[in-house]
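Participant: Now for the letters of each chain:
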Amino acid sequence: MTGSSASEKLAKMPKPGTVREKLYYLKLSLFHPFEGFYDIRFRGKGSLVLAFIIIAVYGAVECAAYQYTGFIFNLNDIHEMNSISIFLSSTLIIGLFCLSNWTVTTLFNGKGNMRSIFTVTAYSMVPYVISRIVYVFLSNYVIEDEAMIVNMIVGVGVVWFVFLLVAGLCVAHEYGLFKNLAALVVTAIAAFIIIFVFVLFLTLEEKMFSFIVDVVKEFIRRQTL
Amino acid sequence: MRKLKKHKKICAVTAILSAVLLAAGLFFGPETAFAADGTSYVFDSYIYDDYRNVIESPAAFILERIIDSNSIPGASLNFGSCDDVCTSSDGRIFITDKKNSRVNVFDESGKFLKSIKTIWNKEGTIMLDPDGNQVILGAPEGCFVHEKNNELYVADTGNGRVLVLDLTDYTFIREITEPAGMTGLTLFKPSKIAVDEADRIFIVVQSSYEGIIELANDGSFIGYYGVNVPTVNYVEYFWKSIATDQQKSQMKKIFAPAFNNVAVDGEGFVMSVTYDSAASDMIFRLNSKGENVIRETGNTFLIGDILSNGNETSSQFVDIAVTDYGTYAVVDKARGRIFIYNFDGELLNAFGSLGNNKGQLKSPTGIAWLGNKLVVSDSMLGCVYILAPTAFGETMLRGSEEYYNGNWDEALVYFEKAVAFNSNYEVGYTGIGKNYLMKDDYETAIYYFKLGNNREYYSKAYYGHRGNKLRQYFFIVAGVMVLLIGLLVWSEVRYFKKTNKKPAKV
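Protein sequence lines correspond, in order, to chains A and B.
Counting from 1, one number per residue, gives the positions in the first sequence under the working numbering.
Counting from 1001, one number per residue, gives the positions in the second sequence under the working numbering.
Keep in mind the hints are simulated off the structure, nothing from the lab.
Check each hint, because a few of them may be wrong.
[As the list claims (entries may be wrong)] Facing chain A, according to a computed beta carbon distance under 7 Å, are these residues of chain B, among others:
id, residue
1, Y1048
2, Y1051
3, K1450
4, R1455
5, S1459
6, Y1462
Ideal placement from N, C-alpha and C gives every residue a C-beta, glycine not left out.
Bound conformation, chain B alone:
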């Protein structure tokens, strides 16, 4: 009898537990968002200190949700690959699937909205091209949301064209085919695409050494854009300089490295990345002349991981995502890392790894911001991760945002909070110091700049501090100066008298 009672008790407990779990499952949506042990995947993250040591940092992002083939209801559709991801401000996520020639649309909560393959026109019939064929996507590799004109640009790589669709109902607006007068040798195979505020279209063709193709909004060719300088090997340079023309023609030619992805930042500058190891810059912010004007004031260059061993492959950035406040994330396919830099080029956080575990990447292809969340696509795993910022990540990003917008006092609050989370956060200390520098509180600023290892700003703060001290002790300083000058004059006079006392007898 007692045994039975016990058994009943266990049954009841189990029932209650499973009910709670079920409720939790319903409440939190698809259970794919959580790892097997019920906790969310935490990304170990790190930064570099001023001496290029790896410093561990609290996790800035956690895995919130996975979008994969299971997220699409019905067995007829699935993900072949995920080659690019872009987001709209209302929270829609567009995932380009090259293998299945589709663009799949999801909402913020991972709910499947639509799969675009056959393009329809406004009248509700299938769009036909002038030859009478249906307009169907062919191995698209990139997409871009242009909110200003309510347009979705799809780089239809296989068909060598760009399709412009309506952002609301995904109907056909126009297509952009190979423009007349393109001077380069590379074929028009649009892979990645971005459109700036002036409606100019920037198209990346993979492994094209001419640069980014810049088109006017009507699809006419403006020119090649962007300067990607290869590094020069001095030994090779020497041999080339003494070689004859005939010898030179047999040597390996050095081409400008290709751009591999493109984005547009909040100020309308085109940002780009390359993973060609021959390139001297890896991340670009291009001005109207196509020169790289990215800020590199952090304690590391914008190269991702710092390698102690020269044989290791350096970070290979495949995509860049920029927020409105200039903070950008780049994703590295060599180690599956995501690096977050602020507008000044200071590394805020780096995390992620290659592997088969939930949350790890295998062959990352694209990254996009969804508010302060990150969306990362992986072609080999055929899934998209939505990463949500932790309390620390949120503080870190909000601090950068307020600082970028010039709200010093709000930024100070966030930086102080971030430093409380992570006492090795040099960017945070520097941020606090900058705030005090603005308020002319030099002594406090000096303290924080020293903690943040920022010598440039320390120097600025020290200049003010020294001026204050000199003013405070002006009479002492002036007195010492007068004394020194007096001593000098006195010694001269004494010397003069001494030599004149006994005139030289010749």
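Looking at chain A on its own, in the form it has when it is part of the complex:
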């Protein structure tokens, strides 16, 4: 385009520091991920608050999906519903992803810090969250034969999400595509290791605790005898 339209565009830009600006960069990163995520990573245009809100909305949508997905597509037992567990398991997995991705990329010369990884991940979730909302709504009005249509909507959301995530992480870490994909695979492995270590820690801690309790009990009994 011509120079005049570029200056026009600049004039249309929202003022720095406003909520409108933050939403503008969210929109930009959805439709122009490389441009948007560049601004977020290197020009400090991302918002951690907005990222947390998106993740919270995602958790809430997952809870709603458990209960309000149309009867035909909803195989969940409503009597077994535990919204806290659904919320935590859906949001904590994103935290786990960010953590393991950060640990891996730090080793592999990634330039992204925790903040940018989390912001990129949360912003990328937006298409998926929207597709889930649309799915939950539409699934109440379609029949079994039309399942493909609603599933396709979620499919589009997933593909969009993956594309945004890969693009965003490429920008954040200054990686090429294949290095980024390799880093994602290692991230998955690292996530498993983190879970394993965590479980191991919990069991050991429990054993140690019971050992201390035993020692104290023994001590008290000896004293009383």
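Let chain A serve as the given structure and place chain B on it in line with the hints.
Facilitator: Just chain B now, with coordinates in the frame of chain A:
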């Protein structure tokens, strides 16, 4: 004096009571039908809901009568074991006794009619085979009543033959020995037997991997029948695929699982069961090609009990009994359970347990329908139970029958009654919903399908309901559509005008 009077009173009361009890005993027949506390044994029963939780259900059957050695008058005869049971439509019960090599015949009320061991011929003399020996049963394991030709088939396992007897006077008609041209390796030791409407004979030989032996009515060999597919272990499959021929020859061979029992349903299909844990199906309804075409539309597969723990043994079906309306009962020897499924493969009821109490099973071997009653044989206890349906059981069975026969309105009455008995009866709710669906009352149908957790039919009903709503509010829907399209066109036009107003200066 007063004391004496009191004593007299007690005496009188006791006399009256015992007289009443005696009368009751005479009236109700053998007292073996009742438990020690005077009540009939009630079977706790259950079903599974859509989320595979066990849901308690009212008892569908109660123990009505026990037939055991005491039911045979005279001390000379008794039950050695009970290995199979079959019934005729006039209410006779045929119990195969392998240990004593007999087939004992009782009537519906448990009265002993006859014990078959030595076979007589029509002339009233003992039947002799061509070698001049008497024809005597040898460890029979199965029997079958073929009403069409008035014949009783006895699988004479020990002698490796099938005896065909007259159903009226149990005299010899013919015998079927090992047919010529049998290709398989398994010996001809008929264990269970069934005959279909076209007079073909289906013979099960225990632990034969070739399938069910199919014979023409004259005893000539047609072929092996039925496909029983073993489950494949992927790890084993991988190692076999890379092994050399020599290695393969040392590996354990996988054979097709054996069929363990056979029956013929009202439409002439052969039904069969297996208890080999390697089999991928446990209950079969075989078409003419021998493929399994059983319907499995219920919320559980046709595997009996659903196990949460993988180490438990799964249900092992030893016999199947089919009604004319496609509802079938299978008996499980692993837990002594009886499962009743309807034609669509929905579990109607499950009950029974292993144990020594009256009404419990120890080693069940056979099951048969006697009208809407069930007859179950147990080889270790050496007895046969006759189970009568309760009010709920009767409603449940009659509902399935009317539904199968397409009498929707009669079925509706029974389903509604069944749901009143058992508000967790998903099959009943689905049945009611299907009735309303037939009448195009979609909204009511939706309500019942949701209660019955039937998503397939809910979807069908919802399709109709949505169509009705769209038709009802057609102008609103069409208006919104036109509005949306209009908006789209308008925005395009505006965009076009905007970009053309200021032509790009290059």
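Participant: Does each hint hold? Answer for all of them.
Facilitator: Do the hints match the structure? See the list:
Because the beta carbon of Y1048 (chain B) sits about 13 Å from the nearest beta carbon in chain A, more than 7 Å, this interface hint is broken. Nearest Cβ of chain A to the Cβ of Y1051 (chain B): about 4 Å, under the 7 Å cut. The hint holds. Given the 7 Å rule on beta carbons, the hint for K1450 (chain B) holds: about 6 Å separates it from the nearest Cβ of chain A. Evaluation of the R1455 (chain B) hint against chain A yields a held restraint, the C-beta minimum of about 5 Å falling below 7 Å.
A cut of 7 Å between beta carbons decides the hint on S1459 (chain B): the least distance to chain A is about 4 Å, and the hint holds. The interface hint given for Y1462 (chain B) is met, as the beta carbon of that residue sits about 6 Å from the closest beta carbon of chain A, less than 7 Å.
Hint compliance for this structure: hint 1 is the single one not met.
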